[in-house]
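Single-letter residue listing:
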Amino acid sequence: MKWKQSSVLPGFNLALGYSVLYLSLIVLLPLAALISKSMGLDWASFWAIVTEPRVVASYKVTFGASLIAALINLFVGLLIAWVLVRYSFPGKRFIDALVDLPFALPTAVAGIALATLYAPNGLLGAPLDQLGIKIAFTPAGIVLALTFITLPFVVRTVQPVLEDMEKELEEAASSLGATRWQIFCKVILPTIFPALLTGFTLAFARAIGEFGSVIFIAGNMPFKSEITPLMIISKLEQYDYLGATAIAVVMLVVSFALLLLINGLQWWVTRHRR
Amino acid sequence: MSKFKKIVLAISLSGFSALSWADTTLLNVSYDVMRDFYKDYNPVFQKYYEAKYKDKLTIQQSHGGSSKQARSVIDGLEADVVTMNQSTDIDAIVEKGRQINPGWEKKYADEAAPFSSMQVLIVRKGNPKGIKDWADLIKPNVQVVVPNPKTSGNGRYTFLAAWGAALKQNGGNEAKARDFTRAVFANVPLLDAGGRAATTTFMQRQMGDVLVTFENEAEMIAREFGRGNFEVIYPSVSIDADLPVALVDKVVDKRGTRKVADEYLRYLWSPEGQEVAAQNYLRPRNAAVAAKYAKQFPAIKLFGVAEFGGMKAAQKKFFDDGAIYDQISAEIAKKR
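Residue numbers (the working numbering), protein chains in the order written: chain H, 1 to 274; chain D, 1 to 336.
Note that these hints are calculated values from the structure, not bench results. Take these hints with a grain of salt, some might be off.
[Unchecked claim] Computed Cβ-Cβ distance ranges for the label pairs, DEER-style:
no. : chain 1 : residue 1 : chain 2 : residue 2 : range
1   : D       : N173      : H       : W43       : 39 to 45 Å
2   : H       : V253      : D       : D320      : 24 to 30 Å
3   : H       : G132      : D       : N173      : 39 to 45 Å
[Stated by the list, open to error] Taking lysine-lysine pairs in the PhoX-like style, the calculated list, with each CA pair at most 25 Å apart, reads:
no. : chain 1 : residue 1 : chain 2 : residue 2
4   : D       : K139      : H       : K224
5   : D       : K56       : D       : K39
6   : D       : K334      : H       : K134
[Claimed, not checked] Chain H residues, not near chain D, derived (Cβ > 12 Å throughout):
no. : residue
7   : L71
8   : L79
9   : V83
10  : L202
11  : M221
12  : I262
13  : N263
C-beta: ideal position from N, C-alpha, C; glycine also.
Sequences are here, hints too, so could you generate the full structure?
Laid out in structure tokens, this is it:
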């Protein structure tokens with residue numbers, strides 16, 4: 001929209017002004033406060049805090065587990081969205097509502113429930129333990145918790161796009177002799193790809209900051225299953241506000257860079273397609 | 001006026017009257033495990049206070065991890081009194097928030113700690129791994145459940161107890177104490193963020209062979225899970241954990257509650273307060289009460305945090321970033 005363009009709806013200036021003010025108060029100001037607080041450190045000590053081996057190990061756990069969880073949900077989320085849009089079956093509305101549950105549930109409750117279920121004496125944990133598979137209190141537990149928490153993102157971003165897709169396109173492709181696989185790759189996937197990528201990005205970003213659910217199932221062993229948010233909390237426990245903000249700033253910068261990268265990719269894909 | 005409006009009015013009026021009826025309120029900011037104790041102590045004190053001053057007193061409680069609670073006070077939670085599980089949390093309020101004046105520990109007897117607890121070993125029924133003392137925790141087939149010393153006062157006391165016990169057994173040899181403590185933590189399969197979470201892991205998830213925690217937490221486990229499910233093992237030597245209390249000077253002066261708050265804390269040392277403490281398995285200071293409950297508090301050799309030059313020095317030496325606990329963790333991780 002151009003700066004001064006008469007619109008059908010009045011009040012553009014007011015709406016824009018309000019949006020900017022609101023975003024500044026709710027998002028920018030707290031983040032700026034975070035960064036300005038970390039300015040209390042000189043560069044050398046900032047660097048020493050954020051590159052401490054234990055903290056670096058936690059970045060690997062956090063970003064690695066978040067990436068895996070987001071990838072899992074990329075596929076599973078697409079599958080669930082597909083089933084919900086393309087098929088009708090009894091209890092469909094119930095399943096549809098179920099998808100949002102991880103949004104509504106306090107994450108700590110999810111974490112405790114998952115830990116109880118997957119603990120070596122848990123309902124699912126016990127048989128898995130017999131097979132020599134350990135989930136609770138290992139990095140696999142972190143991935144599990146993050147997968148649970150971020151499931152709705154992919155489903156809810158892909159679902160409306162799938163719903164809007166015209167079936168006629170597929171039928172046309174089919175009548176022109178395309179195989180099912182070709183239809184999926186050349187017709188369906190390009191249409192939903194931007195939505196998939198958005199869902200993936202949201203899931204990934206949400207997973208990076210997750211604390212409540214992970215803390216109960218991770219085991220929190222140094223260098224092995226400690227997530228970065230735990231590093232921040234343990235700095236705070238020592239009243240080390242500066243150290244905590246330093247790590248928080250690193251998370252913020254890395255997350256923002258990743259989000260920009262993925263958004264850029266999405267933009268490129270959308271443009272390339274046309 | 002509609003019926004609905006009448007109801008709303010009635011509710012709000014009753015709300016106001018309840019407020020005006022409660023003449024004085026106190027906010028006690030405390031840590032998790034103290035919930036049970038203050039639930040019993042508050043009515044006892046209220047009764048005493050109302051009989052003495054003919055004044056209604058309401059006591060509000062706030063519970064959470066000890067350091068987290070201290071941070072809330074630093075950030076402006078208006079606590080009249082704080083009751084913590086380590087002096088460093090109160091010192092932090094003195095230094096960072098300046099709501100408490102320095103020298104708080106001299107205001108009351110016993111370094112302002114009306115009672116203490118100690119670290120004990122909790123094992124499964126019948127003690128299948130035959131755990132008797134600290135030395136048994138480093139056996140290769142023993143799993144030890146401990147809360148994270150980085151995020152929990154309880155975990156810090158466990159670390160210090162193991163270190164101190166090894167120090168005593170090896171004639172003060174620090175290198176041996178370090179090896180021993182590392183061996184203990186190498187047997188720790190997971191680190192919960194706090195004491196209560198560690199209890200859940202041990203009792204509910206049935207993880208590990210031994211849980212190291214406060215003596216009074218053992219009593220909570222007995223009430224929650226039944227006495228037959230576990231055994232409390234008293235090691236030959238353990239650490240005495242003083243549980244300090246303090247007036248929040250800035251708040252009580254602002255709210256005009258200094259006298260009440262002071263009395264609230266002072267009464268903890270009264271025979272009645274000490275009795276409630278003993279009933280909650282906190283070791284009383286009062287000799288008469290201690291004698292009465294002697295049976296439930298086996299006498300073992302204890303050492304205090306003073307052994308390490310106080311909690312502040314211990315924090316610096318062991319638990320700060322890059323200090324001994326972090327070094328040990330790195331060594332354990334490398335070996336795995």
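Against the structure, the hints come out as follows:
1. For N173 of chain D paired with W43 of chain H, a C-beta distance near 41 Å keeps the hint of 39 to 45 Å intact.
2. Hint check: V253 of chain H to D320 of chain D, Cβ distance near 26 Å, so the stated range 24 to 30 Å holds.
3. Between G132 of chain H and N173 of chain D the beta carbons are some 40 Å apart, a value that agrees with the proposed interval 39 to 45 Å.
4. Annotation: proposed proximity of K139 of chain D to K224 of chain H holds, straight-line Cα distance about 23 Å (limit 25 Å).
5. Note on K56 of chain D and K39 of chain D: the hinted pairing holds, with a Cα-Cα distance of about 18 Å set against a maximum of 25 Å.
6. Proximity of K334 of chain D to K134 of chain H is assessed by CA-CA distance (about 21 Å); at most 25 Å being required, the pair is judged to hold.
7. With 12 Å as the threshold on Cβ separation, the claim that L71 of chain H sits away from chain D holds: the shortest Cβ distance comes to roughly 26 Å.
8. Separation of L79 of chain H from chain D is adequate, the least Cβ-Cβ distance of about 32 Å exceeding the 12 Å criterion.
9. Every Cβ of chain D is farther than 12 Å from the Cβ of V83 of chain H; the closest lies at roughly 34 Å, confirming the non-interface assignment.
10. Remark: the non-interface label on L202 of chain H is consistent with the geometry, its nearest Cβ contact in chain D lying 27 Å away (cut-off 12 Å).
11. Distance check for M221 of chain H against chain D: the nearest CB is about 6 Å away, which does not clear 12 Å, and the non-interface claim fails.
12. Every CB of chain D lies more than 12 Å from the CB of I262 of chain H, the least distance being 32 Å, so the non-interface label holds.
13. Every CB of chain D is more than 12 Å from the CB of N263 of chain H (nearest about 34 Å), matching its label as outside the interface.
Figure legend: structure checked against the earlier numbered hints; the only hint not met is number 11.
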